[in-house]
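Trainee: Use these hints to put chain B onto chain A, whose structure you have.
Residue-level listing of the chains:
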Amino acid sequence: MNFRDKLAGEFEDPVAEALENFKASVDAWSDAAYSRPRTAVSVGVRRGGWRLAASWALACMLASGSLAGWMVERHHQQELARTVAMKAAAQKAAQDRAAAEQSAAAMATKQQSAAKANAKNEDLLATVDSDVSREVPAAMEPLAQLVNDNGTE
Amino acid sequence: MTVEAAEEIAAQEFASIVESHRPQIFRFLLASLRDVDLAETLTQECFLKAHRNWKHFRGESSAMTWLMRIAINLQKDHWRNRRLQFWRHTQANALDVDEASDWLPNGERNAEQQILAREQVAQVWKAVGSLSERQRTVFLLRYVEERELSEIAQATGLSEGTVKAHLSRALGRVRAHLRESR
Numbered sequence: 000m001n002f003r004d005k006l007a008g009e010f011e012d013p014v015a016e017a018l019e020n021f022k023a024s025v026d027a028w029s030d031a032a033y034s035r036p037r038t039a040v041s042v043g044v045r046r047g048g049w050r051l052a053a054s055w056a057l058a059c060m061l062a063s064g065s066l067a068g069w070m071v072e073r074h075h076q077q078e079l080a081r082t083v084a085m086k087a088a089a090q091k092a093a094q095d096r097a098a099a100e101q102s103a104a105a106m107a108t109k110q111q112s113a114a115k116a117n118a119k120n121e122d123l124l125a126t127v128d129s130d131v132s133r134e135v136p137a138a139m140e141p142l143a144q145l146v147n148d149n150g151t152e
Numbered sequence: 000m001t002v003e004a005a006e007e008i009a010a011q012e013f014a015s016i017v018e019s020h021r022p023q024i025f026r027f028l029l030a031s032l033r034d035v036d037l038a039e040t041l042t043q044e045c046f047l048k049a050h051r052n053w054k055h056f057r058g059e060s061s062a063m064t065w066l067m068r069i070a071i072n073l074q075k076d077h078w079r080n081r082r083l084q085f086w087r088h089t090q091a092n093a094l095d096v097d098e099a100s101d102w103l104p105n106g107e108r109n110a111e112q113q114i115l116a117r118e119q120v121a122q123v124w125k126a127v128g129s130l131s132e133r134q135r136t137v138f139l140l141r142y143v144e145e146r147e148l149s150e151i152a153q154a155t156g157l158s159e160g161t162v163k164a165h166l167s168r169a170l171g172r173v174r175a176h177l178r179e180s181r
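For the record, the sequence lines run as chains A and B. The first sequence begins at 0 in numbering that gives the first Met the number 0 and counts up one residue at a time. The second sequence begins at 0 in numbering that gives the first Met the number 0 and counts up one residue at a time.
Looking at chain B on its own, in the form it has when it is part of the complex:
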């Protein structure tokens, strides 16, 4: 196989990875940041970084876990930079909890069930907002992205025990918020 042919195959592989994983990376970043424009920007940056390092990807973890790790690092950098910023534009663009909880699929629900579901979603958003950055990441990876504990541990660089501890604390907060709203 020639070098050109190998490069062509690698490019096709990467294109298919982008196509299949991009919506999930975007969803994770959107849930983390609650800012559509910023989530789009960081998703693009994530795939740009992945493209640059695609040659070094050894397949020790799944491509999704590898991409998620890049996204988590970008998000961390963003929060770190934002803390140093004098003017905090991103806060102004982020959706508040009530707006974010307006999004609900139109399932087979009556009006009362819709209101109840919206209230529950708002409470979970409030709980997520009160979590530390690491707890929030672990919580979203588990209950939005439906990742296994081992995958979360790989993506975040934490041990499984630490992941479990963070999840437990995060769920405690969610329970407390739901109890308060009743």
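Extracted from the complex, chain A is given alone in its bound form:
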């Protein structure tokens, strides 16, 4: 009794037919896969593997080269920026120092001229005092003695 007859005896028709088709399908697939050529595939894979490894190595070299170039360029730019900043700071400090010296000199000149003006005023006041002041007549002397310096009796 073959497989088909066995199945037909065991099941109703659609299930037996489906199982028979299923087995035929698996057999066909398995036969095709079993008899497919294999040697060519393995050689191809090995060659492809070398090619892949070489291209990976080249890509890694290129990537590391460009990374190193970028880092050198960045370092150079940072150095340049630092030098420019140092120069600018030194220039600013010199300017500040000159301004401070100028203001100190101006202050001294101002103080000297103020002292001169004070002395002039003192002299003027002394002149005015001497011009304005008069000797008290003799007849007024007793009255003058009654008045003290604050002007109170």
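Simulated from the structure, these hints should not be mistaken for laboratory data. Be careful, since some hints might not be right.
Simulated pairs of lysine to aspartate or glutamate, EDC-like, Cα-Cα distance not exceeding 20 Å [unchecked claim]:
(1) K119(A) <-> D130(A)
(2) K125(B) <-> E16(A)
(3) K125(B) <-> E39(B)
(4) K75(B) <-> E144(B)
(5) K125(B) <-> E19(A)
(6) K54(B) <-> D36(B)
(7) K163(B) <-> E118(B)
(8) K125(B) <-> D26(A)
(9) K75(B) <-> E18(B)
Mentor: Same frame as chain A, now just chain B:
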């Protein structure tokens, strides 16, 4: 008989076993895994293991049943390892149901019968995909490899009663899928 002569005979015996049983082991693994490369790898592993243990084969069961037992264990190990794998390459390589059901022998069928047969095969594949690992193994051994229940029991290490129960459940699924497709 010298030791060399005995070894020579054993090697010839093993070579003939490989030649006669290799296509069946490959077919069983292909149907179980739906992955040609993986089925080839596991078939090779199966015969490598068999070669290592050929001295210990006592002939208590047929060579085919013994080989099938090794193949089932390898397949079990594969599924167990795959569950633990983080990247599941094998799933990506496995053929889907529609592709697997494209394979049909060119018998004396017209176009309509071919389409109907393909649809039936696809439904059986779907049912097989929904089975547990043990049910699938039992189902494939019975309806693809055409093994007797006693042989299936020996190859799987189950009792005949358990084999029958698994087959019954598997057939229930196949029937349900075929009914749904009508």
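Trainee: List, from low to high, the hint numbers that the structure doesn't satisfy.
Mentor: Violated hints (numbers, rising): 3, 6, 7, 9; every other hint is consistent with the structure.
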